[in-house]
Amino acid sequence: MSRPAPTGPKLRLDGVRKTFTVPRTGTNVVAVETADLAIEAGEFLTIVGPSGCGKSTILNMLAGLELPTEGTVAMDGRTITGPAAERGMVFQDYALFPWKTVFENVEFGLRYGPHGKGLSTAERRRRVARCVELVGLGGSEQKYPHELSGGMRQRCGIARLVANEPDVLLMDEPFAALDAQTRIILQEELLRIWGETGNRAERRTVVFITHAIDEAVFLSDRVVVMSAHPGRIIEILDVDLPRPRTDATRTRPEFQALSQAIWNLIRDEVYRAATAAGSAGGARG
Amino acid sequence: MARAADSGAPPGRQWRQSTVLLYLRSLLALAIIWSLIALWVGNHVILPQPTSVAYELFRLIASGEMLVHAAVSLWRLALSYALAALIGIPLGLLMGLWPWASDLLDPVVEILRPISGIAWIPLALFIFGIGNELPIFIITYVALFPFLLNTMAGVRATDRTLVRAARTMGVDQRTIVRHVMIPSALPQILTGARIAGGAAWMSLVAAELIGAPSGLGFAIEWYRQLLMTPKVIAVIVVISLLGYLTDRGLRWLQQRLTPWSTGIGANP
Amino acid sequence: MSTRRWPRYFILPLGLLVLWQLWGMTLPARSRAPVPLDVLASAVDLIASGRLPMALLQSLGRVGLGFLVAGSIALVLGLLMGFFRPVERNLDPIIESFRPVAPIALLPLAILWLGTGTPAAVFIVAYAAFFPMIVNTIAGVKGVERRLVQAAQTLGVPQLTILRTVVLPAALPSIFIGVRLAMGLAWMSIIAAELAVGSKGGGGGSGGVGEMMFVFYAYYIELDSIVVCMIAVGLVALAIDHGLRWLQRWLMPWAEQHR
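Protein chains in written order, with the numbering used here: chain R, 1 to 285; chain X, 286 to 553; chain P, 554 to 812.
Note that these hints are calculated values from the structure, not bench results.
Here the structure is a predicted model, which means the values were calculated and not measured.
Honestly, I wouldn't trust all of these hints.
Said to hold, decoys possible - Simulated restraints, written as ranges between beta carbons of each label pair: (1) L713/P - W383/X: 38 to 46 Å; (2) T21/R - L791/P: 48 to 56 Å; (3) V30/R - L526/X: 30 to 38 Å; (4) R243/R - I626/P: 55 to 63 Å; (5) R398/X - A586/P: 19 to 27 Å.
Stated by the list, open to error - Using 30 Å as the maximum straight-line C-alpha spacing, the simulated DSS-like pairs for lysine-lysine come out as follows: (6) K695/P - K100/R; (7) K117/R - K100/R; (8) K143/R - K695/P; (9) K117/R - K143/R; (10) K100/R - K143/R.
Just so it is clear, CB atoms sit at the ideal spot from N, CA and C, and this is done for glycine as well.
Work the whole structure out from these sequences, hints included.
Quick look at the structure:
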């Protein structure tokens with residue numbers, strides 16, 4: 001697959017600040033306070049932090065769904081001004097089109113977006129079928145989203161993303177609404193789909209948002225830790241666990257130590273947020 | 286108004302001002318287009334200038350003629366509306382609370398409901414003749430169903446846990462109906478009241494147009510026969526304005542009577 | 554359980570019918586008051602002669618035409634107004650100022666402009682159907698889950714395609730509420746329009762079931778036939794609503810779980 005030879009990082013946040021105006025009162029709230037971040041091509045990067053730390057805001061800015069108040073967000077050195085097919089997204093609440101079947105959902109980007117241009121209908125169908133198979137949804141092509149379990153819905157969301165072949169995969173707490181077992185299975189499958197066992201140069205860039213520390217450590221090459229009020233990056237940690245990662249990875253002492261370290265970074269804040277919940281009425285980050 | 290200014294909420298007030306400005310701007314654009322079309326048509330009877338409509342409106346109000354028509358219409362409306370509420374709400378409560386009542390009455394309601402009030406006009410004309418009774422009958426009939434059906438649905442939709450909660454406090458059935466079921470049905474009853482208001486206005490105009498010797502609906506038709514189009518449009522404007530104000534009034538009542546339910550229908 | 558409740562359903566309607574018939578039999582022979590058995594006889598006559606079906610078809614045709622005109626304008630305008638804020642801000646005041654105008658009140662103007670034939674009736678129907686359609690289309694578009702639009706955006710789909718492929722289907726349930734309200738109102742208005750045209754148009758044979766009722770009232774004083782027309786009007790209203798509900802289920806199998 002030919003890609004422009006990257007001279008710099010794949011994605012870059014430069015002095016990014018994001019403020020919101022609360023509609024009723026007119027007060028300004030800082031969602032993200034001056035963030036600098038460089039994300040390398042082929043890297044699996046996870047952002048963790050308590051609610052309201054602005055991690056979703058950063059992801060939305062990378063997607064182009066929101067624009068920074070100050071600073072720039074760039075991909076391959078070009079400033080991001082809006083959403084595009086190069087940066088695909090998976091949503092926590094799946095965001096599947098309820099009136100389309102699994103197959104039609106996966107087909108959506110190729111059919112109506114720029115990445116399907118030049119594909120014949122047969123080629124497009126073949127690619128969609130391959131992606132449906134890849135996420136393990138073979139046999140459910142003609143089902144509607146409401147007929148699927150949460151785990152299957154998110155598999156469909158991932159297939160829709162992968163079928164469109166974006167350069168960058170943005171994932172907004174994709175497994176947060178799933179039960180613990182489904183979650184562990186999907187984490188491993190996500191790494192398989194990403195191409196963990198294959199050639200490093202073939203892997204896409206992934207930015208993954210989660211509030212689960214173990215998930216962040218298990219999946220990523222690097223973990224960005226954020227804190228809330230105002231949302232800012234407090235630490236970036238390398239995860240030097242060998243790939244491919246398996247069940248055994250979770251029991252390794254490095255895994256435990258790293259998880260503990262991240263927990264120590266955000267613990268105080270999580271406790272504070274938990275006791276102040278209700279009075280703060282915080283908007284989710 | 287004064288209170289809003291005192292409390293000093295700049296964003297809210299700014300917003301209101303800009304909406305009013307926008308509103309006036311759009312209406313002005315509309316008036317200009319209307320005026321240009323009228324110029325092009327060049328026939329005062331088919332499409333008069335907006336200014337001559339405004340002038341006739343002013344004259345009709347100043348001479349008291351409009352007041353007489355409006356008073357007659359509003360009186361008929363108020364009387365039939367009250368009648369519909371007085372019949373519809375108790376009947377709806379009865380049908381909502383006791384299954385045997387709804388088993389008995391529901392078929393009749395379902396048979397009558399699809400027959401619109403307007404379809405009753407010829408028969409009612411024969412029975413009542415041209416006069417007050419015809420519009421009053423039609424409006425009462427039309428407004429009855431929203432009152433009845435919404436009261437019934439509201440009572441039936443009462444949260445069972447609330448009723449159980451009241452039971453566990455040892456409260457008797459009468460009190461439960463009075464203090465749990467009726468208040469919990471009130472938002473929907475008031476929604477019914479608003480629907481009834483809208484339907485009542487519409488059929489008032491139709492009934493007066495065809496079968497009344499007075500009132501706003503009669504006035505439009507009267508001036509049309511005299512080919513006084515500016516006056517026809519002036520009366521239409523007044524009808525619409527009164528219809529709008531009635532709805533605003535009922536909405537205000539809804540907010541006053543059920544302040545706890547503002548969150549339900551008011552999603553942005 | 555329900556079989557035991559069945560008899561109760563019939564008590565009141567049948568009882569009223571019998572009372573009505575008995576009351577009719579006490580009347581003097583030259584009375585014109587409608588009586589159930591006479592109504593039945595005149596129903597058979599009106600249907601067999603084809604007069605009632607023809608009149609109903611004519612009225613339905615007008616409703617269909619008016620609805621088609623109003624519905625397509627309202628759909629396009631509503632989609633644009635719901636999706637693009639500036640369009641809404643400028644058009645909303647105009648729509649809101651026309652909304653309270655009762656369609657029937659416009660009838661004299663319609664007669665003045667379009668005469669007493671089909672165009673005036675279609676105009677009234679279209680006017681009546683327009684507002685429920687546009688209001689519900691706008692509400693439907695605004696209620697579209699933002700995530701769905703964003704999902705399409707991150708797949709690189711252009712705005713106008715999103716409007717067609719995401720916003721329109723997502724708003725469809727709400728649009729259908731508008732369609733059902735609009736058709737109910739349209740059917741009501743056509744009767745009113747035809748009645749009024751019949752009564753005020755100076756006997757111009759405009760046709761339709763509304764005019765038929767007026768003719769029975771004004772010229773023949775056949776009250777039995779009027780009652781037949783009233784029942785027919787009610788049945789058509791029911792049929793329209795049930796047909797639309799069926800259409801809704803057929804068009805939107807995915808929406809089943811939301812209701």
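Quick rundown of the hints versus the structure:
For the hinted restraint 38 to 46 Å between L713/P and W383/X, the CB-CB distance of approximately 55 Å leaves it violated. Between T21/R and L791/P the beta carbons are some 51 Å apart, a value that agrees with the proposed interval 48 to 56 Å. As the Cβ distance of V30/R to L526/X is approximately 48 Å, the hint placing it in 30 to 38 Å is violated. Checked against the hint of 55 to 63 Å, the C-beta distance between R243/R and I626/P comes to roughly 59 Å, which is consistent with it.
Separation of R398/X from A586/P is about 24 Å and conforms to the stated range, judged on CB atoms against 19 to 27 Å. Proximity of K695/P to K100/R is assessed by CA-CA distance (about 20 Å); at most 30 Å being required, the pair is judged to hold. Under the criterion of a C-alpha separation no larger than 30 Å, the hint pairing K117/R with K100/R is consistent with the structure, at around 21 Å. Annotation: proposed proximity of K143/R to K695/P holds, straight-line Cα distance about 27 Å (limit 30 Å).
The hinted pair formed by K117/R and K143/R meets the criterion: a straight-line CA distance of about 26 Å does not exceed 30 Å. Distance check on the hinted pair: K100/R and K143/R sit about 9 Å apart at the alpha-carbon level, within 30 Å; holds.
Hint violations for this structure: numbers 1 and 3, all remaining hints satisfied.
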